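Colleague: Number 331 in the working numbering belongs to position 307 of the sequence shown; there are no gaps in the numbering.
Derived by calculation from the structure, the hints in this document are not laboratory data.
All values derive from a computational prediction rather than experimental measurement.
Treat the hints with caution; some may be incorrect.
As the list claims (entries may be wrong) - For each label pair, taking beta carbons as the anchor points, the in silico distance ranges come out as:
1. LYS397 x GLN188: 31 to 37 Å
2. ASP264 x VAL206: 24 to 30 Å
3. ALA256 x GLU74: 19 to 25 Å
4. GLU170 x ALA256: 39 to 45 Å
5. PRO101 x GLU202: 39 to 45 Å
Said to hold, decoys possible - In silico BS3-like links for lysine-lysine, alpha-carbon gap of 25 Å or less:
6. LYS225 x LYS192
7. LYS225 x LYS140
8. LYS178 x LYS225
9. LYS42 x LYS140
Every residue gets a Cβ at the ideal spot worked out from N, C-alpha and C, and that includes glycine.
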Amino acid sequence: MFSLDNWQEILDTLAKNKLRTLLTGFSVAWGIFMLIILLGSGNGLANGVEYQFRDDAINSLWIRSGQTSMPHQGHRPGRMVQFTNEDHDLIAAAVDGVEHTTGRYYVRSPTVTYGKESGNYDVRAVHPGHLYVENTIMTEGRYINELDVQQVRKTTVIGDLVKQALFKGEPAIGELIEINGVAFKVVGVFEDAGGQNEMEKIYLPISTAQRTYGGANRLAQMMVTTGDADLAESEAIMDDIRRRIAARHNFAEDDERAMSIFSNLKNFQRFLNLMGGIRLFVWIIGIGTILAGVVGVSNIMMIAVQERTKEIGIRKALGATPRSIIGLVLQESVLITGVAGYIGLVLGVGLLELAAEKMPHSEFFLNPSVDLKVAIYATLLLVLAGAVAGGFPARRAARIRPIEALRDE
């Protein structure tokens, strides 16, 4: 069935019909090419979406206070809700499923100096759990720890760009910098996946900043991470937090303006669902394009069978079995779709690689590519497409009767 003579005959037949073979192969190659380009572009878009979430932990919840918008238990609307350290401690101690917690307090109009160098930077006072919320990467020293908070230590952690600006390449660990005239000891230097803006920040122990800069026990906002919780479990944690904080500050649990909770996981899942829909759409379009090519191959093979009716009749008269006739037609069909599809696959992957290398950097479209698994699926699809394309013509060829074929003109 797969003899060298059969392959030689198939190649000779294709060579005699170069234009027909070329156009048929082009339709299949174009289908695979478009599928690869669309899948690669979809991956590039998905990579860009994931890149947007690089700065903060995906499993983080961001809790912000606001102003009440509805009456509750005798209280009129319009009251301001002010978070305090006690709110943070309540969440950390009582809410199941919370992994890391932090409050945040901002030092207003900070001027940071070291020797003759000075600058204005974003100074944030935080708890140790802030390290995990912001995906901070320590490159030198350590982060704020519990002893810093409990003992109200004047320690600080600075971004890499702050170090470069103030210390000019000199060691920063153990040195003192002044923030609005108050000296703090540098205990760590960090980098952040969020880029330049995030590495121009300075972190202080929250207790120290509140006491030093008149913050009392106030918090600007709170953040938590939810460990391995899925979306449903994360939303249950959100409901628990809302219920407890609403009870402490006497506002309605459904008052979204009094307190808002932003779920990074929910937002990320929304984008994943969108990307899943886009990928499904791409596969539908790509497979539709391939099927159009397969129909073309099937039609061409049907014509080829009609043209070779007498030849097939002679083969059967000489003892050829229906199986060998079917095999001959299927081999020709699979060869056309396989070779043409592989060319489309290689060209598509090559174009994606070129685009990834030459395209300007964009945070919304990164590394358009297809992985090995997709290439394997595409190859299997080509073999299946070739078999489907040749199936109907092959069965027709097998049903040809020798006596009728010999009378065919």
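Colleague: Next step is simple, just say for each hint if it's right about the structure.
Modeller: Okay, the hints, checked on the actual structure:
1. LYS397 x GLN188: 31 to 37 Å: Violated, at about 43 Å.
2. ASP264 x VAL206: 24 to 30 Å: violated (38 Å)
3. ALA256 x GLU74: 19 to 25 Å: holds (22 Å)
4. GLU170 x ALA256: 39 to 45 Å: violated (32 Å)
5. PRO101 x GLU202: 39 to 45 Å: Because 44 Å falls inside the window, the suggested range holds.
6. LYS225 x LYS192: Satisfied, since the Cα-Cα distance of roughly 17 Å is no more than 25 Å.
7. LYS225 x LYS140: Measuring from Cα to Cα gives roughly 20 Å; hence the hint holds.
8. LYS178 x LYS225: holds (17 Å)
9. LYS42 x LYS140: violated (79 Å)
When each numbered hint is compared with the structure, violations occur for hints 1, 2, 4 and 9.
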